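Student: Here is what each chain is made of, one letter per residue.
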Amino acid sequence: MAIRLLFNCYTQTLCKMHFNIKRFGLLFMKHTVEHYRYYLMAWGVLLGIIALLMGFIIYAEEGGLSVKGQAVIFALVLIGAGSIFTSTVFSDLGDKKKAIAALTLPASHLEKYLVGWLFSYLFFQIVYVASFYLVAYLMVPLDDWGDQKPQFMPLFTNENGQITFFVLFAFIHGIAFLGSIFFEKWHFIKTAFIYFLLMIGFMLLNRVFMESLLGIELESAVPFSNISLKEGEYYYSVRFPDNWAAWLAVVPLGCALLLWVTTYFRLREKEV
Amino acid sequence: MIHINNLSFGYRKKHLLFQNLNLSLFKGHIYGLLGKNGAGKSTLLKNMVGLAYPLEGTCTINGKNASKRSPEVLENLFFLPEEIYVPPLTSAKYVARTACFYPNFNEQEFYSYLAEFEVPRDAVLDKMSFGQQKKMMIAFALATNTELLVMDEPTNGLDIPSKVQFRKIIARALTEDRCVVISTHQVRDLESLIDTLVVVHNREIVVNEELDSIAEKLLFTTLPSAEGHDVLYAEESVRGLNAILPNTEGVYSKVDMELFFNAIINGNPSVVQLLHSNPLQNAF
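First to last, the protein sequences are chains A and B.
Using the numbering used here, you'd call the opening residue of the first sequence number 1 and step up by one each time.
Using the numbering used here, you'd call the opening residue of the second sequence number 273 and step up by one each time.
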């Protein structure tokens, strides 16, 4: 009984040390007050980019902007703007003056981490979706729909890959998030460079590994995806069963989780 | 308060800045940390406050590992770096958003320090001059009333009247529950302010002594010439020879920190040896 009481007391103290809701609220407010100008400007740019892309396609294409076309714009801006924005979230820690102020502020690493995660992941997606539909509702009806009613991209379906985009964004966010704390400057460029370098290496190694595993020469072998091979005059494609395809989402989500955890430990170990 | 045990630190493992460093600092003192440029004063301070991690050894603040940067430790320490960051807010907004993290922050004290430093209350911090920003941050640091206050070159960027004001305010802000560590390479700025001198030289702490204790063992005087005197170290000046002698007769003299510091960094082992020797040993 005494041991359990002692254990409970210890874990409560430990939890309080790592996360205190009042302190987290104060930190959240401080971060918002100090950064809201930048976030408002970033939001303006985001609206501008969506409007520009949508406007260009509406102008260039005949007929109404298809749902597929909207989905392409949605994915491009989500991944592009999201990764650029995320790569700035811990960029202050690359500046010695700002890093000292941030790291010596009496709040736990977890609280500091969560503020960055909330703004770059959760809030960004909420603001992005709202902005996308705001622009879409204003611009799509302006297109030449003839007798048809304007169509808007539904969000909670994977018909045009919407859910896949969100899964992919989690993975890209994880990479940009880690890059924002890992590098001291040029966060986005350096992260993108390392990412492409690693991806090329990974794809090459994956092919060599798959060929040695199967003992045959492959036509293509995309990591965590299909392989194709040629036997005589026939091409074969080996892929995950369709009804299991959703499980493939575990790979990017698992990677995202791993990258988020790595970012947290990187923050804990950050030196100035 | 702060205990550094066998601390080794280096930005590269092969090139250590400190090796097996031991240092203890206590409440109720104002420590002056002196060292040449590049001696590692700022790095030592960063190790103390958990911004740099030692390769070996530990640095604890009230028994807690500084490198963990736990809120419990951080709310009781304030580190003012040489180069400061101020957000684009007024002093009032900065206080409203930051002071709440320091349980002992005293707003009244903050505004009285600001008034003494003649820093405007309503100006946006990042639009002020560097000197004004620094004075605002010094005022904030003092008003946090943290047990440990560490300042790296706080007088850099201050004009002469502000330096005088700084000395007065710091001396007034020291209490029995507070430990203040000030690092500087401008020795004169610390005169009549610090009570204990810590000197970093050649990767180690060569001196950690109260000024009174230094004055007990060494005599700081001006001589017409060195002849007939047991001079440990001397420098020519317009008034004669500023010299350090063994204080064999127990005469009180004010410690000339610049002369003392120069004696150490110019490789004069006799000064340090005498300082570390047992006074009873010298008596016989």
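Please note that a few of the clues may not be correct.
As the list claims (entries may be wrong) - Computed, partial: chain B to chain A, Cβ under 10 Å:
{"id": "1", "residue": "Phe298"}
{"id": "2", "residue": "Gly300"}
{"id": "3", "residue": "Lys318"}
{"id": "4", "residue": "Leu323"}
{"id": "5", "residue": "Arg341"}
{"id": "6", "residue": "Glu344"}
{"id": "7", "residue": "Val345"}
{"id": "8", "residue": "Phe351"}
{"id": "9", "residue": "Tyr374"}
{"id": "10", "residue": "Asn378"}
{"id": "11", "residue": "Phe533"}
Stated by the list, open to error - Straight-line alpha carbon distances no greater than 25 Å define the calculated DSS-like cross-link-like pairs of lysine-lysine that follow:
{"id": "12", "chain 1": "B", "residue 1": "Lys399", "chain 2": "A", "residue 2": "Lys22"}
{"id": "13", "chain 1": "A", "residue 1": "Lys97", "chain 2": "B", "residue 2": "Lys526"}
{"id": "14", "chain 1": "A", "residue 1": "Lys96", "chain 2": "A", "residue 2": "Lys190"}
Since the hints were made in silico from the structure, they are not lab data.
Keep in mind it's a predicted model, so treat the numbers as computed, not measured.
Beta carbons are placed, not taken as given, at the ideal position from N, Cα and C, and that holds for glycine.
Student: Now, for every hint given, state plainly whether the structure supports it.
Tutor: Structure-based check of each hint:
no., hint, result
1, Phe298, "violated, 22 Å"
2, Gly300, "violated, 23 Å"
3, Lys318, "holds, 6 Å"
4, Leu323, "holds, 4 Å"
5, Arg341, "holds, 6 Å"
6, Glu344, "holds, 6 Å"
7, Val345, "holds, 8 Å"
8, Phe351, "holds, 5 Å"
9, Tyr374, "holds, 7 Å"
10, Asn378, "violated, 16 Å"
11, Phe533, "violated, 27 Å"
12, Lys399(B) with Lys22(A), "violated, 31 Å"
13, Lys97(A) with Lys526(B), "violated, 37 Å"
14, Lys96(A) with Lys190(A), "holds, 19 Å"
Hints 1, 2, 10, 11, 12, 13 from the earlier list are contradicted by this structure; the remaining hints agree with it.
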